[in-house]
Structures are given as C-alpha cells and as structure tokens.
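J.: Chain by chain, the residues:
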Amino acid sequence: MTTGHDTAAASPAKEGGAAPGRPSGGGPTEQEQRRRKRQSRRWQRDVRWSPYAFVSPFFLLFLAFGLFPLIYTGWASLHQVELTAPTDMDWVGLRNYTRIFDDEFFWNAAENTLTIGIISTVPQLLMAMGIAHILNYKLRASTFYRVAMLAPYATSIAAASLLFVLLFGRDYGMINWALGAVGIDNIDWQNDKWASQIAVSTIVIWRWTGYNALIYLAAMQAIPQDLYESAALDGASRWQQFFHVTLPSLRPTILFTVVVSTIGASQLFGEPLLFDANKGASGGSQHQFQTLGLYLYEQGWVNQHLGRASAIAWTMFLILIVIGIVNYVISRRLRASS
Amino acid sequence: MRARTRIRRKAVVLAAVASLGAGLLAGCADDGNDDNSSSTEGGGGKTKITLGLFGTAGFEESGLYKEYEKLHPDIDIQQTVVERNENYYPALLNHLTTNSGLQDIQMVEVGNIAEIVQTQSDKLLDLSKYGKESDYLEWKWQQATTEDGQTVGVGTDIGPMAICYRTDMFKAAGLPTDREEVGKLWAGSWDKFVDVGKQYQDKAPKGTTFLDSPGGLLQAILSGEKDRFYDSSGEVIYKTNPAVKDAFDLTAEAAEAGLIGNQTQFQPAWDTTIANSKFAAMSCPPWMLGYIKGKSKPEAAGKWDIAQAPKSGNWGGSFLTVPKSGKNAEEAAKLAAWLTAPEQQAKLFGVQGSFPSTPAAYESTEVTGAKNDMTGDAPIGTIFAEAAANIPVQSIGPKDQIIQQGLTDNGVVLVTQGKSAKEAWDNAVKTIDNALDQ
Chain R
1 MTTGHDTAAA
11 SPAKEGGAAP
21 GRPSGGGPTE
31 QEQRRRKRQS
41 RRWQRDVRWS
51 PYAFVSPFFL
61 LFLAFGLFPL
71 IYTGWASLHQ
81 VELTAPTDMD
91 WVGLRNYTRI
101 FDDEFFWNAA
111 ENTLTIGIIS
121 TVPQLLMAMG
131 IAHILNYKLR
141 ASTFYRVAML
151 APYATSIAAA
161 SLLFVLLFGR
171 DYGMINWALG
181 AVGIDNIDWQ
191 NDKWASQIAV
201 STIVIWRWTG
211 YNALIYLAAM
221 QAIPQDLYES
231 AALDGASRWQ
241 QFFHVTLPSL
251 RPTILFTVVV
261 STIGASQLFG
271 EPLLFDANKG
281 ASGGSQHQFQ
291 TLGLYLYEQG
301 WVNQHLGRAS
311 AIAWTMFLIL
321 IVIGIVNYVI
331 SRRLRASS
Chain L
339 MRARTRIRRK
349 AVVLAAVASL
359 GAGLLAGCAD
369 DGNDDNSSST
379 EGGGGKTKIT
389 LGLFGTAGFE
399 ESGLYKEYEK
409 LHPDIDIQQT
419 VVERNENYYP
429 ALLNHLTTNS
439 GLQDIQMVEV
449 GNIAEIVQTQ
459 SDKLLDLSKY
469 GKESDYLEWK
479 WQQATTEDGQ
489 TVGVGTDIGP
499 MAICYRTDMF
509 KAAGLPTDRE
519 EVGKLWAGSW
529 DKFVDVGKQY
539 QDKAPKGTTF
549 LDSPGGLLQA
559 ILSGEKDRFY
569 DSSGEVIYKT
579 NPAVKDAFDL
589 TAEAAEAGLI
599 GNQTQFQPAW
609 DTTIANSKFA
619 AMSCPPWMLG
629 YIKGKSKPEA
639 AGKWDIAQAP
649 KSGNWGGSFL
659 TVPKSGKNAE
669 EAAKLAAWLT
679 APEQQAKLFG
689 VQGSFPSTPA
699 AYESTEVTGA
709 KNDMTGDAPI
719 GTIFAEAAAN
729 IPVQSIGPKD
739 QIIQQGLTDN
749 GVVLVTQGKS
759 AKEAWDNAVK
769 TIDNALDQ
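Top to bottom, those sequences are chains R and L.
Under the working numbering, the first residue of the first sequence is numbered 1, with each subsequent residue one higher.
Under the working numbering, the first residue of the second sequence is numbered 339, with each subsequent residue one higher.
Be aware that a few hints might be false.
So the derived label-pair ranges between C-beta atoms look like this [what the hints assert, rightly or not]:
# : chain 1 : residue 1 : chain 2 : residue 2 : range
1 : R       : LEU94     : L       : THR436    : 37 to 45 Å
2 : R       : PHE101    : L       : ALA429    : 26 to 34 Å
3 : L       : THR436    : R       : PHE317    : 21 to 29 Å
4 : R       : TRP75     : L       : LYS577    : 56 to 64 Å
5 : R       : PHE68     : L       : GLU485    : 31 to 39 Å
The calculated lysine-lysine pairs, modelled on DSS-like cross-linking and capped at a C-alpha distance of 30 Å, are [stated by the list, open to error]:
# : chain 1 : residue 1 : chain 2 : residue 2
6 : L       : LYS522    : R       : LYS193
7 : L       : LYS404    : R       : LYS193
8 : R       : LYS193    : L       : LYS768
Worth flagging that the hints you see were computed from the coordinates, not collected in a lab.
Every value quoted in this text rests on a predicted model; they were computed, and no experiment measured them.
Think of the CB as a built atom: it goes at the ideal place given N, C-alpha and C, for glycine as much as any other residue.
One chain only, chain R, in its complex shape (with noise of 0.2 Å):
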C-alpha cells in the first residue's frame, strides 16, 4: 500500500520540479532552480517516509506490548523460571513442551475449552440468528430492542460473572429454586462436570448473543428487498425465504462471527475464573471448568511456574494458528464453491 501511494504521489512532486506553467522565457535562475531541487527531494523524502511515521504509532506499541511478549515468553517456555526470580532462568530445553504430553491438567483443560466452546458458541450464534431474524421486521421501538440487546455486551464480565453464580447457587440459588418449583432436585451447579460447563456457557451465551444479533441484523439488512420479492413471487414462503434467501447471503457475516467465537471460546477465562472464586484458577475441586487460559494462570501467578506457563501459552498460541488456518481452508471453500 506504501509503494502504491509512494508513485502516485510522487509524480506530482517531479512535475513541480520541472516546473511547468511558468513563462519559460528568462527560466528560473541558478539559484531558484537548487531551491526548488532541494525541496522537491524534500517533498520526496516526505512522502517516502511519512507513511511509515503515520502507521509507526501502531507499530511500536506492537512491538513493547505484542512482539517483544511474544518472543520474550517463548525464551521463558525454554527455561525453568519462578515467579519469586523471574530473571533466575535455568534452561531445560523443550521440557517444558514435551511434559505437556503427558499433562493431564492441561488435556483436561483443552478439552473443556473444547466442550465449553461448543456449548457456548453454538447455541449463542442460533439464537443470535433468530433474534435478528426477527428484529429485522418493522417492530414498534426498534431501537430500543436493539440497544436493549446490546446491554449486556456493555455488561463487566466480573459483574455478570458474580450475579450468574449466585443465580447459579446449589443451595440458595434462583435456578435451582425454579427448577425445584416444576420437581427438579437441586443441581450443584458449581461441582457437577457437565452442570458447571453448561453454567459457565450461559454467561458466555448471555453476553454475546445480542452482539453477535445486532451484527446479523445489519447484514441482513444490507440484503436487497428485491430478493425477497422476487422469491415470493415465485411462491416462497418465510421460511423458505429465510433459508433460500437470508442465510445464503449472510455466509461471509457467519463466517465471520463463528472466527470470532472461536477465538472468544479459546481464550475463555474471566467465567469461569469467578465462577468459582474460592477455588480460583483450579476451575472446580476436580478442574472441571478448568479451561485452557485458567490452566495458564493458575501455573503462572498461583503455582508461580513462569517457564510452564510461559509452555502453555506458546502451545495456545500454536493451536490457534491451527484453528486459524482450518478456518482459512474451509472458508476458501465455502467461497469457491459460492
């Protein structure tokens, strides 16, 4: 983008030099013409050069608070490091990658990402659909729907993450209290493995979903209404509509909003770290909502093993790179076959 902006605004610059438009006669004198070369290799040195001091701002932050991490966590991986010497650094090679093999804390933990990712995206991105969906007739105060949807977006995970604990008590809790008035017994929300993970899901499920609709909403209306008179012309009804029309042409938006979950789902930590503040980063007495950003944290500032966690957060990073380029793949796909 440089170059491209480097020509194109370069020219000009050379065509002042040469000056045209003035009376040729007489001509600039000696002194006239060193000024002006002088200021055009200025201008020159200008447009070469400002670009990158405009975009520099970006860049260097980059490189303090993203790069230089990076780079610096991958020497800890290579290291035995505590956090009470973090500049005492004892090498052990790949150790530190090879004993995540044989970790059980950190599979359980991936695969409870895995299990608290799916229940929390999948769900979250249907009901995303349907409330857009709907929204996107003409409604009475639709703007105060959407804004309404939006709210918790706007919501602190921490605030979120206390009043779903509370709602989500084994003994006092609201849920368990309603469950119990239509003869359900009371479900231990906080310990039971499947209950927890599907407990944590729902804030993730409750903070998202209107963000995910609203973004829906505004692709769905940027579809021409001539498709849907045409279409039912043809005699389709709403849901045939729904399905023939909308959600074809709301493909790259779904694509976009499952990356996005899926990077969300990877990274998921504030839930379930307050979901159970006394036991903290452990994710539950047997680790069950244990996910892989907890896992990660629970090694570095509780159990205090830089070098560790420092292993886990380069293997996050690698599997993400992964789930990067699967997406990449199938959305190639999707595309060319659109």
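For this one, chain R is given, so just place chain L on it according to the hints.
T.: Structure of chain L alone, referenced to chain R:
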C-alpha cells in the same frame, strides 16, 4: 507558503510521533523511582508513608494512623487495600522481583511468609533493629527471620484457634452448653471432637449439621500439628506425614458420617448457612468472630459461645515488611514497629478482633475485657490468650498455602459430594504435585 505549511505539517507529525514514542517509553520505564519520589513529599511537605494491605487489617478503622500522625506531625500515612490475598500476593511478588510499584510497607500473610523469607529477604529491610524481639511471641518472630538472622517482617496478629458453638443448638441436641464442660468433652483429641459431633447429629435439630465445612475442620486439625507439610529441614513431607493423612481421613470420616455441611468456606452459600443457623460449631480463630457477626441475622446475637479446641493451633495472621528500595524505608520501619507494638495491637483487638502477637498485650484491659456481640458475655480475650499460649512452634514452608488449599478445595470437599476418602485424597495429591512441580 506551501513549503512552510509542509514544514509545519512535518513538525506536527514529528511532534506527534515523538510524544507517542515518549509516552510509550514512559509506560515501559521503571516506575519505582517515580513512586518513591512522589511518596517523599506528601501534602504540605510531609513525609508520606504508604501501606499495601489486604483483607481487613483495620489499622485505619481503629484510628492508629491518626494517632501516629498526631505523634509525628511530619508524617502522612496512606494505604491501599486489596480484598483478597490471592490477588494481592502474586502482585506483591512481581513488584518485589522487579523492584517497582512497591508501597513503603507491605503486609504478608503467614501462608506466604516462608516464601518471602526464603526468596525475597535481600529486598527487605532487617526490622530487628526497629521492633523489639522480646515483645513478640517467639515463633511469630522466628517465622519472619532468615537462617542468617535477618528479620524481614514484624508480626501483626495471630489466629489462636478455638471452637465457636451455638449454645441453643447444643442444648437442643442434649449436649452441655457451659464452655468449660464443652471443652472437656473433646479435650486433647480430635477423635473425641468427631465423637461429640456424632452425639450431636443423633439428636440434631432438623436440617443442621455439627460443623460448617470440611475445610474448616481440616484446617483446625492441621494448624495444631508441629510438622505439617514441611519438616524442619524444609523438605516437602505432606504426602508421607501420618499427621496429615490422619487429619484428612478423620475429616473424611466426619464428612461421610454426615457431620459436616457440604460447603466451601467463604463462598456465598457458606455465608448463607451462617445466616440460617445451619450448623452448630466451627473452628474459630478470633477474626472468625467478626466474620460470623457480619453474616449472621441479628437474632443470633449472644447465642454463640467459645470453648477451647481439642488441640490449640494457629490459623492466620500477618506480618508487616518494609522494602529496602523505598525512599522512606527508615520512617516506614519505625511505623511498622509502632503499629505492631503491644499497645497498638491491644487497641486493634478491641476494635477489629485481630488477636495480638505480643503477649504483653494479653494483660491489657482491651484484651481481658473484650466481648463480642455474638458470644455475649464470654471473655473472648482470655479464652484466645489461653489458646495462644498452647500453640506449637510449627515448621512452615513456602508452598503451605497451595498444599492446604489443594487438600481442602481439591480434596476433602469431594467427600461431601459423595466421593470416597481415597478418591478425594488422590485427587488432592495429583493437584498438589502438579502445582509443586517446577
């Protein structure tokens, strides 16, 4: 003209880049010095001393800062408080190792003091010149002293543990209610304590259990053991130490017999069981009384009493440390010593219920005359002082907190959820070993 606007524009761009860059560098810079320079000068040229605390230390609430500022008009004291030690301690370690962001005085919990003593003592001031060793309980002083005799922390409070029990519920279950008689029921042995629990459970008011939570019982038994998770040479022995296994098994047995509420301490649901009077007894260091008071309904006032535990132990308590890097380290050390001197600790107990680590305070009227709304006329100061006299000198280690939490939250609590004692123990050991493995 055009040239000038260009130059001006370039200047603006450069200035913007420069200021952004400078901001960035400033963000990365070591802020330790900034902190210190800002803490040299408080309002009106006073020396400002800052304290980093967690939980409810209560220095400010009991007016000790004001008193010190009156005694030393050139000192201005300020504190920052983090609610939970789990959040406070990792940040403190991080600040100590990078030597930045530290307050002039930093509080350290007893569960972490061994780690601080073993790994951070070179960053901390030797307080033995400021505090008077003979003022403090010997074991408390030793806990914050390195092998080469440097004392990096002065003790604030301790947690001599007794048993708080509900007189009304004991009466309903046909047990004695007088604190001497109750203490005699289980004196000397936790097995007897569990037996009393079984007696209680036989005639218990409906829906109640003898104890609040498995974690509370396990903590109580272990806190009275001389060797617990580490032996005196600093080796981790929790797995092979029969005292730990016995404590675990006894707790599991009590849980299986249904004597213990299936709760985790300090969770909201546990708070509710206090409010709803769902259990008859709990292990009870002095600070627990304040907690009970905070969570109880008013009608529970005066229905509690305190008896001696089968064996005395210590649960909780803290230290004040002074990082060397602070510009006011010397003033801060004086303040730390003053805050933990017997007179001040006695005052703190009167207001806050933090039990003094200085035996001289036990004779003061603040301690001997202390009462708590929940326990009516019980002379709590005298009861806890008696417990304090019998606390064994315990070997502590850097990872005590992690091991204790593993045994409780990843261990005995599972028994109340229907797992066997063996499954619970295995799960705890697996978790702890993974946590200890560097």
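J.: Hints first: check each against the structure and report whether it holds.
T.: Results of checking the hints against the structure:
no.	hint	result
1	R:LEU94 to L:THR436: 37 to 45 Å	violated (28 Å)
2	R:PHE101 to L:ALA429: 26 to 34 Å	holds (32 Å)
3	L:THR436 to R:PHE317: 21 to 29 Å	holds (24 Å)
4	R:TRP75 to L:LYS577: 56 to 64 Å	violated (34 Å)
5	R:PHE68 to L:GLU485: 31 to 39 Å	holds (38 Å)
6	L:LYS522 to R:LYS193	violated (43 Å)
7	L:LYS404 to R:LYS193	violated (51 Å)
8	R:LYS193 to L:LYS768	holds (18 Å)
Hints 1, 4, 6 and 7 from the earlier list are contradicted by this structure; the remaining hints agree with it.
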